[in-house]
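Participant: These are the residues of each chain, in order.
4 protein chains.
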Amino acid sequence: MVVVMEKGASTDQVKAMVERLHEFGFRTHLSEGVERTIIGAIGEKTAATIQLLEVSPGVEKIVPILQPFKLAGREFKQERSLVKAGSCVFGGTHVPVIAGPCAIESEEQFLECAQLVKQYGATMLRGGAYKPRTSPYAFQGLAKEGLRILSEAKRFTGLPVVTEVVNPRDLDDVAEHADMLQIGARNMQNFTLLHEAGLARKPILLKRGLSATVNELLMAAEYIISAGNDQVVLCERGIRTYETETRNTLDLSAIAAIHHLSHLPVIADPSHGTGKWRYVTPMSLAAVAVGADGLLVEVHPRPEEALSDGAQSLRPQVFADMMAKLKPIAAAVGREV
Amino acid sequence: MVVVMEKGASTDQVKAMVERLHEFGFRTHLSEGVERTIIGAIGEKTAATIQLLEVSPGVEKIVPILQPFKLAGREFKQERSLVKAGSCVFGGTHVPVIAGPCAIESEEQFLECAQLVKQYGATMLRGGAYKPRTSPYAFQGLAKEGLRILSEAKRFTGLPVVTEVVNPRDLDDVAEHADMLQIGARNMQNFTLLHEAGLARKPILLKRGLSATVNELLMAAEYIISAGNDQVVLCERGIRTYETETRNTLDLSAIAAIHHLSHLPVIADPSHGTGKWRYVTPMSLAAVAVGADGLLVEVHPRPEEALSDGAQSLRPQVFADMMAKLKPIAAAVGREV
Amino acid sequence: MVVVMEKGASTDQVKAMVERLHEFGFRTHLSEGVERTIIGAIGEKTAATIQLLEVSPGVEKIVPILQPFKLAGREFKQERSLVKAGSCVFGGTHVPVIAGPCAIESEEQFLECAQLVKQYGATMLRGGAYKPRTSPYAFQGLAKEGLRILSEAKRFTGLPVVTEVVNPRDLDDVAEHADMLQIGARNMQNFTLLHEAGLARKPILLKRGLSATVNELLMAAEYIISAGNDQVVLCERGIRTYETETRNTLDLSAIAAIHHLSHLPVIADPSHGTGKWRYVTPMSLAAVAVGADGLLVEVHPRPEEALSDGAQSLRPQVFADMMAKLKPIAAAVGREV
Amino acid sequence: MVVVMEKGASTDQVKAMVERLHEFGFRTHLSEGVERTIIGAIGEKTAATIQLLEVSPGVEKIVPILQPFKLAGREFKQERSLVKAGSCVFGGTHVPVIAGPCAIESEEQFLECAQLVKQYGATMLRGGAYKPRTSPYAFQGLAKEGLRILSEAKRFTGLPVVTEVVNPRDLDDVAEHADMLQIGARNMQNFTLLHEAGLARKPILLKRGLSATVNELLMAAEYIISAGNDQVVLCERGIRTYETETRNTLDLSAIAAIHHLSHLPVIADPSHGTGKWRYVTPMSLAAVAVGADGLLVEVHPRPEEALSDGAQSLRPQVFADMMAKLKPIAAAVGREV
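For the record, the sequence lines run as chains D, Z, P and B.
Numbering of the first sequence is given in the working numbering, commencing with residue 1 and proceeding in unit increments.
Numbering of the second sequence is given in the working numbering, commencing with residue 1001 and proceeding in unit increments.
Numbering of the third sequence is given in the working numbering, commencing with residue 2001 and proceeding in unit increments.
Numbering of the fourth sequence is given in the working numbering, commencing with residue 3001 and proceeding in unit increments.
These are calculated hints, taken from the structure and not from any lab test.
Errors might be hidden in some of the hints.
Stated by the list, open to error - No farther apart than 30 Å at their CA atoms in a straight line, the calculated lysine-lysine pairs in the DSBU-like style are these:
1) D:K7 with B:K3061
2) Z:K1015 with P:K2325
3) Z:K1325 with Z:K1276
4) Z:K1061 with P:K2007
5) P:K2061 with D:K327
6) B:K3325 with P:K2007
7) D:K276 with P:K2202
As the list claims (entries may be wrong) - Output of the computed footprint for chain P on chain D, the stretches with three or more beta carbons under 8 Å from beta carbons of chain P:
8) 203 to 215
9) 230 to 242
10) 283 to 295
11) 328 to 335
All residues carry an ideal CB built from backbone N, CA and C; glycine is no exception.
Same shape as in the complex, but just chain D (with noise of 0.2 Å):
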């Protein structure tokens, strides 16, 4: 890192600050400028240590120069990592497309769906038992039963499942039932949670939240990773911003930077990430296009009598039609759907 003193810092001050780097075991480097001094230190830092250095007298501002995330990282670990979640392969040449309701409904509502969403190419199933909702009057999910309904899908298609994951007291139950936990937008800095995803024996699909970046998104997979759980999948559903025409901003260019700063595969969900059905299908193809290792989309058989998120789901139809135009653009970067 790099340590900038303020205009004006007494020589004395550079030199106490030069000490103090070496009692925390940096080696350093001098540079004194006509207006400013930098110090250069090179070791071991974490964040602590830059926040007790920033407030030294006469340092103007610290500046780090390594990534803070280890295990997430491309430095860490070169070659780009499979995850496998049941049949599913996340990070390889086939593109695994999630489908499925927001939330189980009914045991009629999800079979019909789940059985719909594997006639037409998807290949793991996904819907929400545990529903984390904007307002205390909305539906919140069928929880067990939401569970047992996912299992009785899962033997019925044969298909894999995902689904949320919201409470840590829950993590049982779901991941007896769900051959991946998915962590939501809402909960991705939700630490306990993150720390006990990492002792769980199954794959986590990790959402990013709504304002985070992606850097503190390789943070929130650092902590899986750090736990002891390093079968991690990141996604990205879209961020906050400004604009009202979209529910979220799909962020595409975030899965060309998690691929170049990271080995985890990454996902998209332009479900949420538009808000809109008519945008799915082509923030879809654009998804495989700049490289997303998977889908996750919302169907439902009829999303006008859907409990949740209807006005973002497909149609079956359209889902079909979305299936058909992925697989060209799919071989066109070298995978298939």
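Guided by the hints, dock chains Z, P and B onto chain D, whose structure is given.
Facilitator: Relative to chain D, chains Z, P and B alone:
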């Protein structure tokens, strides 16, 4: 709410929509324009209902008219609420100042700081025992030992104390030691935690999420109140924007807006809101001028040794100076600190 | 539009409002709910009318129903527009690729670059003669000498050329040399420039402002069209968000949204959109997949010597590689580059 | 500045880089870490230089150390600048309040308003003759006739006047009638206009762009000062965020930041900053408390008849009330209104 039909929606689609609304118990009023038909619908709506209707054939969009929050809203309760935490009252003429270090680092550090902030006029103590940190490698707090020190400081100074709870499993422990429980920005939409805070018998300090709207903050409060706890104090602590000169953008207009929309007290946290100690005093003055019902300020005896957030912590002498400057401002708006 | 009266608005206030609306030529429909009265108002409204009404006694808010743009909107013209600039057509099956350096630095540099991008498949040349720069001390462009070099490059390669105009006084000069006039992001709401571009006899490339909504971009186009020039191509070039890994956030969903809302062609600029050359190729593929009607890409023979935006410029060989990768993607969506 | 070499950059690449820096006139200091080599470079850098170096082989990134602005910066001039516009002085103990309608609509309306705001304590008059409007169909201002009315109001009240200039061609005309020229938010990076404002002999009121950083605002001021006009007053008027309860987010910490970074006076515009008249008074109090060197407030005799921005205009009586409340706040921070 208002249902806007698409240009070119058929008479049958309009008729079907009106019937649908009647089934849901709405009274309707039809307005047929040259380009569009719109249907005014009067009745009890939920978020789920809107989504159900939004994807019906021929519908362009649904425009909700009323606010989604009820118990937290001004229409539910006209007069301002008073929330009492130990000897502190939020929402009255007196403006409490909560001060202390970001984290409880040791008994010695915390008692020293507690004693100093009391001496300079703080009315409540703060200090984190459980710290939500972006990096798994950063200091995570002293946990139960931190709670013990908190109690010790409370006995020592006679000031009430507030501390953050991050894990629903810790709620009882924390409630045993603290006079007020803080839910941090990263957990503002951790609905599990909100619900359980609603069952607690202690007042809650609820911080606005990094990119939460005022509306979402009030919905988060609604979770707590609807679960049975109406002792909620809101806290504006800066939102995430593109600006980099400050760590966040402290949105003081949110305080004016909350006073307009809700009966709950709202305080300001200029330490997290700006991220730089030198902006804390001027923004504290502004917060009290705009009508904040309290302040939350980080103070550390030696910021350069702080294990977290040193850059935004005030030295005790600067805190004393801020308290002196606050007095005439509070008086100017008919209050006192 | 819909006028929502305040809870507690008096019968007289409602009556006065209805009369006022009739004066403005609206037909009205009254819906009296338990909590609120709302008035549907059908007729020709302007932004000014809304503001006039919004502050009338007893009014809570006015909700506009229709889009504010007309000539730029899909309802005005159903079929997609084709815009022709020299031999290039935007909006058809063919996807033009505009390439060249950010700035014209010298005749030698520009001709070299022009020849290379032509060789690798670009269909239009770009290069700035007038550069809007954040710093007054940065290179501001060669001005008239730049325009001369632009014409020279056009003769030399046979490719049509586009360049930015920043000053209304330069419009005639630029129009004399360029086949298409660019209005940059920083000038998207320079209404003087928009109006004069509407009087020009050349097609306009209008870039989205740094924090403009899709709606505002279409309103800016409306300025140009309503002044008499309907030859407008829009350009998504990244919006400002909190993310720092990329220079801007390229909002590809805006392309899908513009195709839904407007008949105008829209292209993507992944160079400014990401700010890093390594993300330009993947985001170009994604842009074509989502339906972009063209690409605008910065190419420089030696980016490390560029006088502006070197970090986001492609080396010619990387550009050639990108063009090769674009072909199968374009084919996959029924188009060609 | 600091040059960070890539992990794995070769010794030759480092050597070449050092030589390159010497060619550009920098003195260098090498720090070889275990993972990275970093090079401290002391000397005069420009934005162009950074970009040139940033794409050299083996370079990961360049970290600038110093602020890019000079003449607008605190390091150039330590003491606060005073800017005089007619009888108004910005930057001193007195806090001028500029008031008036958004637009000059007629002689009658403007003179009535001018007389009222004078009576209630305004020290400067505002009113738009040229209005930058999002829609081409909205009222665009009375142009020259508006300037005539402005002069008339000045004579009538004896107050100095400020009005916006949007077209460089109008600069002379406007300068003839106004004591201060306003450059609006949408033109903050209209560099043509900035440059010509730098040649004007009148003080400039420069508003922050909708999504401009504090740094970019100071760079825009640098354009004007470097062209020869150091009479610049900055204005915080709200930035664009995701929040919808207010029209913009008034960033009061920007005022504290500008006072730290620059010697220029800075005022606040709570009318545009919030977009709702009911938040104007509390935010004005906060602005003065944080240290604003003036206020810009929209007042209209009958907001419900205003041709623009009625929703955010104060009625004269509310303005009078605000002025009364400002007095003790100003006194509390050692100033007067």
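Participant: Would you mind confirming whether the straight-line C-alpha gap from Z:K1325 to Z:K1276 stays at or under 30 Å?
Facilitator: Distance of about 18 Å is within 30 Å: holds.
Participant: Do at least three Cβ atoms from the region 283 to 295 of chain D come closer than 8 Å to Cβ atoms of chain P?
Facilitator: This one holds; 8 residues, not fewer than the three required, reach chain P with a Cβ under 8 Å.
Participant: Taken at face value, is the distance from the CA of P:K2325 to the CA of Z:K1015 at most 30 Å?
Facilitator: violated (51 Å)
Participant: Per the coverage rule (Cβ-Cβ under 8 Å, at least three residues), is the region 328 to 335 of chain D covered by chain P?
Facilitator: holds (count 5)
Participant: Quick one, are D:K7 and B:K3061 close enough, alpha carbons at most 30 Å?
Facilitator: Satisfied, since the Cα-Cα distance of roughly 24 Å is no more than 30 Å.
Participant: Would the hint linking P:K2061 and D:K327 be met if the CA-CA limit is 30 Å?
Facilitator: violated (48 Å)
Participant: For the region 203 to 215 of chain D, do three or more residues have a beta carbon lying closer than 8 Å to a beta carbon of chain P?
Facilitator: Holds, because 4 residues of the region 203 to 215 of chain D bring their Cβ atoms closer than 8 Å to Cβ atoms of chain P.
Participant: Next pair to validate is B:K3325 with P:K2007; report whether the Cα-Cα distance is within 30 Å.
Facilitator: holds (29 Å)
Participant: Checking one constraint from the list: CA of D:K276 to CA of P:K2202, max 30 Å. Satisfied?
Facilitator: violated (36 Å)
Participant: Just to make sure I understand the rule, a stretch counts as covered if three or more of its residues have a C-beta closer than 8 Å to a C-beta of the chain. Does the region 230 to 242 of chain D meet that for chain P?
Facilitator: Per the Cβ count (3), the hint holds.
Participant: Run the distance test for Z:K1061 versus P:K2007: straight-line Cα separation, threshold 30 Å.
Facilitator: This hinted pair holds, its Cα atoms lying about 24 Å apart.
Hints 2, 5 and 7 from the list above are not met by this structure, while the remaining hints are.
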